[in-house]
Amino acid sequence: MQVYYLEFFVVALGLVMLMVDAFAKLQDKRSLARLGILGLGVVFLLLFAVQSPSNAASPVWKFYAAPDNLSLFFKGVALLTTILSLVMAIDFAPIVLSKIAPPDQGAHPQAGLGEFYSLPVFVCAGLMWMASANNLVSIFVSIEVVSITFIILAGYMRRNVGSLEAGVKYLILGALSAGFLVYGFAWLYGITGSMELGPITEALAKPGVNSTAAMFAFSLILVSLAFKLGAAPFHIWVPDVYQGAPTPITAFLSVGSKAGAAIVTLRLVYPYLTSPVLGTKALAILVVIAILTLLLGNLGALAQKNLKRLMGYSSVGHSGFLIMALASTSYPGAVNALSPVAVFAYYIGAYLLMTLLVFLVLNVLNAADTGETLDSIRGLAKRSPFLAGILLIALASLAGVPLTTGFIGKFLAFKIALDAGQWMLIAAALIGAAAGFYFYLKIAASMYLDAPSSSDGAAIPVNLLTKVSMVILAILILLTGIVPNVIVKLFS
Amino acid sequence: MTFLFYFFSALVLFGGLGVVFAKNPVSAAFSMVISFLGMAALFIQLDAFLIGVLQVLVYAGAIMVLFLFIIMLLDVEEVEKRKLSLPTVIRAGGVGAALVVLISTVLMRGGTAGQALPKLVASPEKSDVLRIGELLFGTYWLPIQIIAVLLLTATVGVVVLSKRELK
Numbered sequence: 001m002q003v004y005y006l007e008f009f010v011v012a013l014g015l016v017m018l019m020v021d022a023f024a025k026l027q028d029k030r031s032l033a034r035l036g037i038l039g040l041g042v043v044f045l046l047l048f049a050v051q052s053p054s055n056a057a058s059p060v061w062k063f064y065a066a067p068d069n070l071s072l073f074f075k076g077v078a079l080l081t082t083i084l085s086l087v088m089a090i091d092f093a094p095i096v097l098s099k100i101a102p103p104d105q106g107a108h109p110q111a112g113l114g115e116f117y118s119l120p121v122f123v124c125a126g127l128m129w130m131a132s133a134n135n136l137v138s139i140f141v142s143i144e145v146v147s148i149t150f151i152i153l154a155g156y157m158r159r160n161v162g163s164l165e166a167g168v169k170y171l172i173l174g175a176l177s178a179g180f181l182v183y184g185f186a187w188l189y190g191i192t193g194s195m196e197l198g199p200i201t202e203a204l205a206k207p208g209v210n211s212t213a214a215m216f217a218f219s220l221i222l223v224s225l226a227f228k229l230g231a232a233p234f235h236i237w238v239p240d241v242y243q244g245a246p247t248p249i250t251a252f253l254s255v256g257s258k259a260g261a262a263i264v265t266l267r268l269v270y271p272y273l274t275s276p277v278l279g280t281k282a283l284a285i286l287v288v289i290a291i292l293t294l295l296l297g298n299l300g301a302l303a304q305k306n307l308k309r310l311m312g313y314s315s316v317g318h319s320g321f322l323i324m325a326l327a328s329t330s331y332p333g334a335v336n337a338l339s340p341v342a343v344f345a346y347y348i349g350a351y352l353l354m355t356l357l358v359f360l361v362l363n364v365l366n367a368a369d370t371g372e373t374l375d376s377i378r379g380l381a382k383r384s385p386f387l388a389g390i391l392l393i394a395l396a397s398l399a400g401v402p403l404t405t406g407f408i409g410k411f412l413a414f415k416i417a418l419d420a421g422q423w424m425l426i427a428a429a430l431i432g433a434a435a436g437f438y439f440y441l442k443i444a445a446s447m448y449l450d451a452p453s454s455s456d457g458a459a460i461p462v463n464l465l466t467k468v469s470m471v472i473l474a475i476l477i478l479l480t481g482i483v484p485n486v487i488v489k490l491f492s
Numbered sequence: 001m002t003f004l005f006y007f008f009s010a011l012v013l014f015g016g017l018g019v020v021f022a023k024n025p026v027s028a029a030f031s032m033v034i035s036f037l038g039m040a041a042l043f044i045q046l047d048a049f050l051i052g053v054l055q056v057l058v059y060a061g062a063i064m065v066l067f068l069f070i071i072m073l074l075d076v077e078e079v080e081k082r083k084l085s086l087p088t089v090i091r092a093g094g095v096g097a098a099l100v101v102l103i104s105t106v107l108m109r110g111g112t113a114g115q116a117l118p119k120l121v122a123s124p125e126k127s128d129v130l131r132i133g134e135l136l137f138g139t140y141w142l143p144i145q146i147i148a149v150l151l152l153t154a155t156v157g158v159v160v161l162s163k164r165e166l167k
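Here the protein sequences come in this chain order: A and B.
Under the working numbering, read the first sequence as residues 1 to 492, first letter to last.
Under the working numbering, read the second sequence as residues 1 to 167, first letter to last.
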């Protein structure tokens, strides 16, 4: 099977879901989400049936990279993230329904829910296109599919002020960042005379390249990518949007959008890092951004009282570690034992597992109307030992406790920075990791040690699908924490 | 030709400033039309006739008429004057000035000079429209399909977000 069929299967699935929603009289629209989960699961299995291109001359390869481990891995990340977000969206249905426009007279009582389940499937297709884009045009259009759909989803609960604010903020800042991206692309095209990443890499490596203009293009593109990654100093939107958006969408945004931005960053930054003329300059900029992101993200999280907001800052902090791996790239001449791409991919995989696990728990708490502040989960262990245990594993992994996947991710990031001799970065990362230990484990401690905030002692109900997803993610976190070689081997 | 370039560039900038500074939304919309017309003239100067014509027909024509309709339907009077505090003005001005300095530095250091862009191939037997169509639906079929998905999701989203009562 040709690799570019995958996205069309996903788009077709989304269309089927929209059609079923419109024409089949479903009793309960939540079965649409189950259909989506099933379909995406099938596409995930098809990832293993991808063949190498049969017709290398087809114009599609000008826009779409031939399948390699990296792009297939990121397609898998996109699919898994979407599946888990849909799992969360099933639990979240009552809250969405209470915050969108009321149904018309005689309309289905769940009107508006079908779109909430179909749109993430289209985002998934966009993320999968991003994973394979090797041309400035296809990079731009796939980024726009993802961000425009995210604007709609973030502001979906429009009778909720927070969600509306999230939508509007993401809309305005997203448009600004798209402007920077296109302006940077225009300069890049002017300098290199090509839209394809292959010829761009060759042109940037030539000694005669105009380095002022090339670095200008680099910084414009980096502004936009840092916005998408949530990297400082373009991270201001992250906490507000994460807090306001519906919880399943926050989870989707924090993992899916970041993974998509990460693979695009990897593809766009590499031509600069490997260029003998521009490599050191580009590296210096990345180091500054990584240090700022590590510090602002992790230290900013210390003062947070709202769990979703805290996860926003945590996501910024993790971007710092990602960029740290990228900034430790060995430019020509240096030898690095570990491939930065492997570290990058491993970190994204680990981030997916632990962040989605936290959001799965938060989503259940949200749906049970427990609130989302730190106070609301005090003494959770007494009330729901299962949820508390799952959240403990996820938080330990986010903090980087040994024997979890988060530890291996951070370890690899430190190792590669050490190999590259980036001492400033290591110092910032140490401060960030220490702050992380404090605020993640503070939550864990309050779950286990404090007395419950309310007298309501009944266990919070968790449905089977959510429970199974939680257990699988928790097992994967521990498994990849103990035997990390599987993923690392894939990329070395 | 150079004079015309500067003339139409000035028109574009004049229109752009009008959009920002006009107090009445209708005048702001018309300033945008002026800006689009100037842009269309610039495209035509670059021999991109089809894009120039589309700019006039689609942007200046259809989209701006829609804009005006909405402004008039909503009956937006003058926008209330926003009070800008001095620190805001200084910060925003600083960023703007820094960007101008940056861009002029880059341009002064040669811009993209030295790098020849791919030559445009003239083919008198085929019209502009035909060649753009061939490119869009031949070589560029994948990005076009992706944009189709983008338009679909945007349409679905607008309907869901804007209806007062959902069907």
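These are calculated hints, taken from the structure and not from any lab test.
A portion of the hints provided could be inaccurate.
[Said to hold, decoys possible] Cut-off 30 Å, straight-line C-alpha distance, at most; resulting in silico cross-link-like pairs (DSSO-like, lysine-lysine):
(1) B/Lys126 - A/Lys62
(2) A/Lys415 - A/Lys442
(3) B/Lys119 - A/Lys169
(4) A/Lys169 - B/Lys23
(5) A/Lys99 - A/Lys25
(6) B/Lys83 - A/Lys25
(7) A/Lys206 - B/Lys119
(8) A/Lys62 - A/Lys281
(9) B/Lys83 - A/Lys169
(10) A/Lys415 - A/Lys382
(11) A/Lys305 - A/Lys206
(12) A/Lys99 - B/Lys23
(13) A/Lys467 - A/Lys99
(14) A/Lys62 - B/Lys119
(15) A/Lys382 - A/Lys467
Each hint tested on the structure:
For the given pair, lysine 126 of chain B sits about 24 Å from lysine 62 of chain A by alpha-carbon distance, which is consistent with the 30 Å threshold. The straight-line distance between the Cα atoms of lysine 415 of chain A and lysine 442 of chain A is roughly 27 Å, inside the 30 Å bound, and the hint therefore holds. Our distance criterion of 30 Å between C-alpha atoms is broken by lysine 119 of chain B and lysine 169 of chain A, whose separation comes to about 42 Å. The straight-line distance between the Cα atoms of lysine 169 of chain A and lysine 23 of chain B is roughly 24 Å, inside the 30 Å bound, and the hint therefore holds.
Distance restraint check for lysine 99 of chain A and lysine 25 of chain A: the Cα-Cα separation of roughly 23 Å lies within the 30 Å cut-off, and the hinted pair is therefore satisfied. The straight-line distance between the Cα atoms of lysine 83 of chain B and lysine 25 of chain A is roughly 53 Å, outside the 30 Å bound, and the hint therefore fails. The straight-line distance between the Cα atoms of lysine 206 of chain A and lysine 119 of chain B is roughly 20 Å, inside the 30 Å bound, and the hint therefore holds. Pair hint lysine 62 of chain A plus lysine 281 of chain A holds up; C-alpha atoms about 29 Å apart against a cutoff of 30 Å.
Only pairs whose Cα atoms come within 30 Å are accepted, and lysine 83 of chain B paired with lysine 169 of chain A is accepted, the gap being roughly 21 Å. Taking the CA atoms of lysine 415 of chain A and lysine 382 of chain A, the gap is about 39 Å. The hint is violated against a cut of 30 Å. Among the hinted pairs, lysine 305 of chain A with lysine 206 of chain A is inconsistent with the structure: their alpha-carbon atoms are about 51 Å apart, more than 30 Å. A threshold of 30 Å between alpha carbons decides the hint, and for lysine 99 of chain A with lysine 23 of chain B the separation of about 35 Å lies outside it, so the pair is violated.
Only pairs whose Cα atoms come within 30 Å are accepted, and lysine 467 of chain A paired with lysine 99 of chain A is accepted, the gap being roughly 26 Å. Distance check on the hinted pair: lysine 62 of chain A and lysine 119 of chain B sit about 19 Å apart at the alpha-carbon level, within 30 Å; holds. This hinted pair checks out: lysine 382 of chain A and lysine 467 of chain A have alpha carbons roughly 18 Å apart, not beyond 30 Å.
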